[in-house]
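Based on the hints, put chains D, B and R in the right spot on chain U.
Chains as they are written, first to last, in numbering that gives the first Met the number 0: chain U, 0 to 647; chain D, 0 to 144; chain B, 0 to 61; chain R, 0 to 236.
Since the hints were made in silico from the structure, they are not lab data. Hints are supplied without guarantee of correctness; some may be wrong.
Stated by the list, open to error - In silico contact screen, one side only, chain R against chain D (beta carbon under 8 Å); selected entries:
| no. | residue |
| --- | --- |
| 1 | P40 |
| 2 | D42 |
| 3 | Y43 |
| 4 | V78 |
| 5 | W114 |
| 6 | A182 |
| 7 | I192 |
| 8 | M196 |
| 9 | T198 |
Said to hold, decoys possible - Label pairs and their calculated CB-CB ranges:
| no. | chain 1 | residue 1 | chain 2 | residue 2 | range |
| --- | --- | --- | --- | --- | --- |
| 10 | R | G189 | D | V46 | 36 to 44 Å |
| 11 | U | Q561 | D | A18 | 49 to 57 Å |
| 12 | R | R14 | D | T26 | 43 to 51 Å |
| 13 | R | T232 | B | A8 | 55 to 63 Å |
| 14 | D | K44 | U | A323 | 56 to 64 Å |
| 15 | R | V160 | U | Q157 | 18 to 26 Å |
| 16 | D | T26 | U | A556 | 24 to 32 Å |
| 17 | U | V421 | B | A29 | 55 to 63 Å |
| 18 | R | W120 | U | L440 | 26 to 34 Å |
As the list claims (entries may be wrong) - Calculated cross-link-like contacts (lysine-lysine; reagent style DSBU-like; alpha-carbon spacing at most 30 Å):
| no. | chain 1 | residue 1 | chain 2 | residue 2 |
| --- | --- | --- | --- | --- |
| 19 | U | K266 | D | K3 |
| 20 | R | K227 | D | K3 |
| 21 | U | K508 | D | K3 |
| 22 | R | K111 | D | K65 |
Glycine included, every Cβ here is placed at the ideal spot set by N, Cα and C.
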Amino acid sequence: MIAEFGHFALTLALAVAVVQSTLPLIGAARGDAGLMALAPAGAMAQFGLVALAFGALMHAYIVSDFSLAAVAQNSHTAKPMLYKIAGTWGNHEGSMLLWALILALYGAAVAAFGGNLRDTLKARVIAVQGAIGFGILAFILFTSNPFARLESAPFDGQSLNPLLQDPGLAFHPPLLYLGYVGLSTTFSFAVAALIEGKVDAAWARWVRPWTLAAWGFLTAGITLGSWWAYYELGWGGWWFWDPVENASFMPWLAATALLHSAIVAEKRDALKAWTVFLAIVAFALSLLGTFLVRSGVLTSVHAFASDPTRGVYILLFLVVTVGAAFVLFAWRGPTLAGTGRFDPVSREGALLINNFGLTVAAASILLGTLYPLFLDVLGAGKVSVGAPYFQRVFIPMMVPMLLIMAVAPMLSWRSANAGRAVASLKWAGVIAFAVGFGVWLSIDRASALASFGMALAAWVFAATVYELATRSRTWRGLLRQPRVSWGMTLAHAGIAIAVAGMTASSAWKVEDIRVMKPGETTEISGYQITFTNVVDLRGPNYTAMRGTFEVRSGGAAVTTLQPEKRIYDVGRMPTTEAAIRPTVLGDLYAVIGDPDGQGGYVVRLYFNPLVAWMWTGALIMVLGAGLSLSDRRARATRPLDASAQAAA
Amino acid sequence: MKPKHQRLALLGLGALGLAGAAALVLTAFEDNLVFFQTPTELATKSVAPNQRLRIGGLVQEGSLVKQGSDVRFVVTDLSHSIPVTYRGLLPDLFREGQGVVAEGRFQDGTFAASEVLAKHDENYMPPEVVEALKKSGEWQRTTGK
Amino acid sequence: MDMIRDYFAMGGYASFVWPAFGLSAVVVVALLVVSLRNLRLSEAALAELRHVTLLSEEETHP
Amino acid sequence: MHRFANPTRFVALVRAVQPWAAGIALVTLAAGLWFSLIASPADYQQGETVRIMYVHVPAAWMAMFCYSSMAGASAVTLVWRHAVAHVVARATAPIGASFTFLALATGSLWGKPMWGTWWVWDARLTSVLILLFLYLGYMAIENAFDDRARGSRAAAILAIVGAVNVPIIKFSVDWWNTLHQPASVVRLDGPAIHPSMLTPLVLMAVGYTALYLWILALRVRADINMSKVRALTLRGA
Numbered sequence: 000m001i002a003e004f005g006h007f008a009l010t011l012a013l014a015v016a017v018v019q020s021t022l023p024l025i026g027a028a029r030g031d032a033g034l035m036a037l038a039p040a041g042a043m044a045q046f047g048l049v050a051l052a053f054g055a056l057m058h059a060y061i062v063s064d065f066s067l068a069a070v071a072q073n074s075h076t077a078k079p080m081l082y083k084i085a086g087t088w089g090n091h092e093g094s095m096l097l098w099a100l101i102l103a104l105y106g107a108a109v110a111a112f113g114g115n116l117r118d119t120l121k122a123r124v125i126a127v128q129g130a131i132g133f134g135i136l137a138f139i140l141f142t143s144n145p146f147a148r149l150e151s152a153p154f155d156g157q158s159l160n161p162l163l164q165d166p167g168l169a170f171h172p173p174l175l176y177l178g179y180v181g182l183s184t185t186f187s188f189a190v191a192a193l194i195e196g197k198v199d200a201a202w203a204r205w206v207r208p209w210t211l212a213a214w215g216f217l218t219a220g221i222t223l224g225s226w227w228a229y230y231e232l233g234w235g236g237w238w239f240w241d242p243v244e245n246a247s248f249m250p251w252l253a254a255t256a257l258l259h260s261a262i263v264a265e266k267r268d269a270l271k272a273w274t275v276f277l278a279i280v281a282f283a284l285s286l287l288g289t290f291l292v293r294s295g296v297l298t299s300v301h302a303f304a305s306d307p308t309r310g311v312y313i314l315l316f317l318v319v320t321v322g323a324a325f326v327l328f329a330w331r332g333p334t335l336a337g338t339g340r341f342d343p344v345s346r347e348g349a350l351l352i353n354n355f356g357l358t359v360a361a362a363s364i365l366l367g368t369l370y371p372l373f374l375d376v377l378g379a380g381k382v383s384v385g386a387p388y389f390q391r392v393f394i395p396m397m398v399p400m401l402l403i404m405a406v407a408p409m410l411s412w413r414s415a416n417a418g419r420a421v422a423s424l425k426w427a428g429v430i431a432f433a434v435g436f437g438v439w440l441s442i443d444r445a446s447a448l449a450s451f452g453m454a455l456a457a458w459v460f461a462a463t464v465y466e467l468a469t470r471s472r473t474w475r476g477l478l479r480q481p482r483v484s485w486g487m488t489l490a491h492a493g494i495a496i497a498v499a500g501m502t503a504s505s506a507w508k509v510e511d512i513r514v515m516k517p518g519e520t521t522e523i524s525g526y527q528i529t530f531t532n533v534v535d536l537r538g539p540n541y542t543a544m545r546g547t548f549e550v551r552s553g554g555a556a557v558t559t560l561q562p563e564k565r566i567y568d569v570g571r572m573p574t575t576e577a578a579i580r581p582t583v584l585g586d587l588y589a590v591i592g593d594p595d596g597q598g599g600y601v602v603r604l605y606f607n608p609l610v611a612w613m614w615t616g617a618l619i620m621v622l623g624a625g626l627s628l629s630d631r632r633a634r635a636t637r638p639l640d641a642s643a644q645a646a647a
Numbered sequence: 000m001k002p003k004h005q006r007l008a009l010l011g012l013g014a015l016g017l018a019g020a021a022a023l024v025l026t027a028f029e030d031n032l033v034f035f036q037t038p039t040e041l042a043t044k045s046v047a048p049n050q051r052l053r054i055g056g057l058v059q060e061g062s063l064v065k066q067g068s069d070v071r072f073v074v075t076d077l078s079h080s081i082p083v084t085y086r087g088l089l090p091d092l093f094r095e096g097q098g099v100v101a102e103g104r105f106q107d108g109t110f111a112a113s114e115v116l117a118k119h120d121e122n123y124m125p126p127e128v129v130e131a132l133k134k135s136g137e138w139q140r141t142t143g144k
Numbered sequence: 000m001d002m003i004r005d006y007f008a009m010g011g012y013a014s015f016v017w018p019a020f021g022l023s024a025v026v027v028v029a030l031l032v033v034s035l036r037n038l039r040l041s042e043a044a045l046a047e048l049r050h051v052t053l054l055s056e057e058e059t060h061p
Numbered sequence: 000m001h002r003f004a005n006p007t008r009f010v011a012l013v014r015a016v017q018p019w020a021a022g023i024a025l026v027t028l029a030a031g032l033w034f035s036l037i038a039s040p041a042d043y044q045q046g047e048t049v050r051i052m053y054v055h056v057p058a059a060w061m062a063m064f065c066y067s068s069m070a071g072a073s074a075v076t077l078v079w080r081h082a083v084a085h086v087v088a089r090a091t092a093p094i095g096a097s098f099t100f101l102a103l104a105t106g107s108l109w110g111k112p113m114w115g116t117w118w119v120w121d122a123r124l125t126s127v128l129i130l131l132f133l134y135l136g137y138m139a140i141e142n143a144f145d146d147r148a149r150g151s152r153a154a155a156i157l158a159i160v161g162a163v164n165v166p167i168i169k170f171s172v173d174w175w176n177t178l179h180q181p182a183s184v185v186r187l188d189g190p191a192i193h194p195s196m197l198t199p200l201v202l203m204a205v206g207y208t209a210l211y212l213w214i215l216a217l218r219v220r221a222d223i224n225m226s227k228v229r230a231l232t233l234r235g236a
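Just chain U, with the same shape it has in the complex:
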């Protein structure tokens, strides 16, 4: 009964989306305030209805209503409650409903917080959101209905993929979607601005907080996903340049570029058409990510061709949405010429380089991700473009970006003296050299490249701190810094820390794979590790084999590591639970594998230096985004139509 209720709410939401996406547009074109007022009401109604539907689906998962096909395929009575709830979005149907829910949430947020937007702009933004919502809701209802009933309900479900039964992954999709779908708001703003033919400082100011929020969630979501891969897959790595990872990384790069270009559009009335273009591209990449992950093309183009309904629908949706936006951009974009002139060497110039670098990097990742698909379509055979491609393309592109990133905040707007800016950073340069040389001399496995990476991280960090110091001058000035600029400083410092973590963990990872018998001791990176015993134990819905390792350093006991190998009752699928001891200097990481039949076990031990820095850096970046967002100045609470009124 509740499921039918949810289904009904979803259908109603589709009807609301039709109204929300058409009438306000007509109202805005005619100047009819009554029709325009439908927009916020529609957005609120849509959020309410989709939330009801989502609640109904979640209820079905909680009470294990196996008469629903989606629940029967993805849940099980023996699952812990957290994973029953997380199971709501741990599958295709539910995750698309989550997508729709978050989209409606953002629409409602624009309606709620957009009190001082121009009426026409607000109506148009919400209408565009409604149109996207219509596309997604129609997709859910016609191709992936989560409320589809089974003829006869099975006694128990087929359970959730054990790999996904993990707290990290339970919260990964909602965070990632808050980021992906958050970019839809920016997209709607861009399309609305194109319809209006006007992009001014007020518009740019409105777009920034939405981009910032989306960017923060996206950063958090990607980090959580990476962290999950790190401890759950048991390979000791944290990023595999897997197409699914790339699908979330490309929108992040575009959103980062957008954050920076929106600043130029707001402060200097330049790069306006470019900013609008980026807003479209960022959401296009989000949709492309959804398409790649949800259509099944990644496993095989042919599998996609044999069961095409879902994939073809998302592809069509992508082509129509983005195509319409690009046509609109081609038609109206050239009218968005800015008035701001600037020298190549200036803050604007540096931000432009940032945009160029990020865009080209995103494009090269896109190429590497799609190229195998193209070849497959052409019948030219299967190839995999692996991590080496991405490393060789992405890292060289990021090096100059990081070099410039340190200097850019020191440059003045319009026209700057690059020599003076670099000269003022001489201490940062000295620190960077000291770090680079220190690493080179003190670590016997230090390659030139890794030392350079550490020096680069030090350079960015020192320059960021120095820039903050010159900006605030005194301790009191430090406290008086606006939260927006604290946000920038934190984000840049976070990047620096994360770069150090990435460099160190890639360059100096120690890996030891061996067969050990209980009682044996081995040594890795200065730790003596004794394999004590293996016990079998019983979890809520799995059995596990748990190995115990005593870790000592110089005779003193450090910790006990207990990696597990689990076999879930349903599906009999094994998973690996790595045991990790994180420290500031590096993670000790242990994985226990299969027994060799002679009393030994395959054991993998890793020492991953500075991995924690990566997560810390990412957290600091998210913190920076949050801090910026909490600043009243970034939220543009005042009516900012001064320029429009002046023009009228």
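Just chains D, B and R now, with coordinates in the frame of chain U:
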């Protein structure tokens, strides 16, 4: 600075960056852009069984055996060689000593081709000249055949 | 006669050689003709417009 | 260079060049055709099909030459905003597209008997196909707008970005294993082609280049005429 110079600088910078990025991408793509692989390249890497691929090299002199429409020959790059079987029509340029590209998959150590393409070299000359060169002993493996 | 027939047979490759030359000729000539025609049309349009403007200018400035 | 930025002076130059280009084109193409179809020998390997080379290779060269000219002119348009540079780029596009199409079509006619296939997705053929798409995209963007000034900038940017493809086409046969053979004429250690075959090839190449200049002159003049027509109509309206 004049707008003209600003545009020139932006264009120059953009072109430079784009060229650099293209170079990076092209070098990183490496063997994914090659149309075929030589026997030596294949000797150094493992090939999944039943994986479709293209091999390229010269048809070894004296290796061509025809039985009806079945053809057997050996593709070589002068350091490694691969035996090939094929059933079907051969292109006109196909002959011993000439370049060839075969598409197919490995079956028990021999390469079962489903398509054979001839690859011609970059030398063009009239037959009489070739004869004359051969007579005078100037004809070298590297420039022809 | 045989010589001519042999020549047109192109060593058995007539169906590849002649279309290649024919296609090239057709495309090049078509491009040339279209460009010439466009030039003529544009010149005619310009001449007519000049004539009209001259006339209308004469009308307004007697 | 800036001297010819003035349309009137530029048209005078074009008018002066046009008859010479036409004359050279007609004479060299006539001589080139005579050499390529009658007075040159068959190849020791490829037999008579080698004659396709005399229309294929010059067309391919012109495809790249036209694109380079178009990209260069587009760069001048963007930086110095010279209107005539843009006229040259716009007039070049259909000529370059025609030559690219010819290179692909005649190459296909050559590939079927010699390689045994009309088409393969190797680096050379694919990059030339992309060149054709770049030309078509340029023309589409250029003509998609009622207001000509709007489309021209987007088209110029596309032309410049697409210029990355030109060196890729040229060196694709050296960088990667392709079915297409390496360069025979433009190479460091001198041409690998017998003089009796080089003669028709060079004649045809010169003829194609002169033909390009001739057609370019016609199109440039028509284009400038039409913009005068538009200006007059606007003033009249």
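Does M196(R) pass the interface hint, meaning its C-beta sits closer than 8 Å to a C-beta of chain D? Constraint on M196(R) satisfied, holds at 5 Å.
Go ahead and decide if the range 18 to 26 Å is satisfied by the Cβ distance of V160(R) to Q157(U). Violated - the Cβ-Cβ distance for V160(R) and Q157(U), about 50 Å, lies outside 18 to 26 Å.
Beta-carbon spacing of G189(R) to V46(D) - inside the hinted bounds 36 to 44 Å or not: holds, 39 Å
Can you confirm whether the C-alpha distance between K227(R) and K3(D) stays at or below 30 Å? Judged against 30 Å, a Cα distance of about 26 Å means the pair holds.
Taking 49 to 57 Å as the stated bounds, is the beta-carbon spacing between Q561(U) and A18(D) within them? holds, 54 Å
Does the CB of Y43(R) sit less than 8 Å away from some CB of chain D? With a closest approach of 4 Å, the Y43(R) hint holds.
Is 43 to 51 Å respected by the C-beta to C-beta distance linking R14(R) and T26(D)? Holds, since R14(R) and T26(D) (Cβ atoms, about 48 Å apart) stay within the stated range.
Answer holds if the nearest beta-carbon of chain D is closer than 8 Å to that of P40(R); otherwise answer violated. holds, 3 Å
Would you say the C-beta atoms of V421(U) and A29(B) sit inside 55 to 63 Å of each other? holds, 59 Å
Hint check: 8 Å Cβ-Cβ cutoff, A182(R) to chain D: holds, 7 Å
Between T232(R) and A8(B), is the Cβ distance one that fits in 55 to 63 Å? Holds, since T232(R) and A8(B) (Cβ atoms, about 57 Å apart) stay within the stated range.
With a cut-off of 8 Å on the beta carbons, see whether T198(R) makes it to chain D. violated, 12 Å
Hints 9, 14, 15, 16, 18 and 21, counting from the list given before, are not met by this structure.
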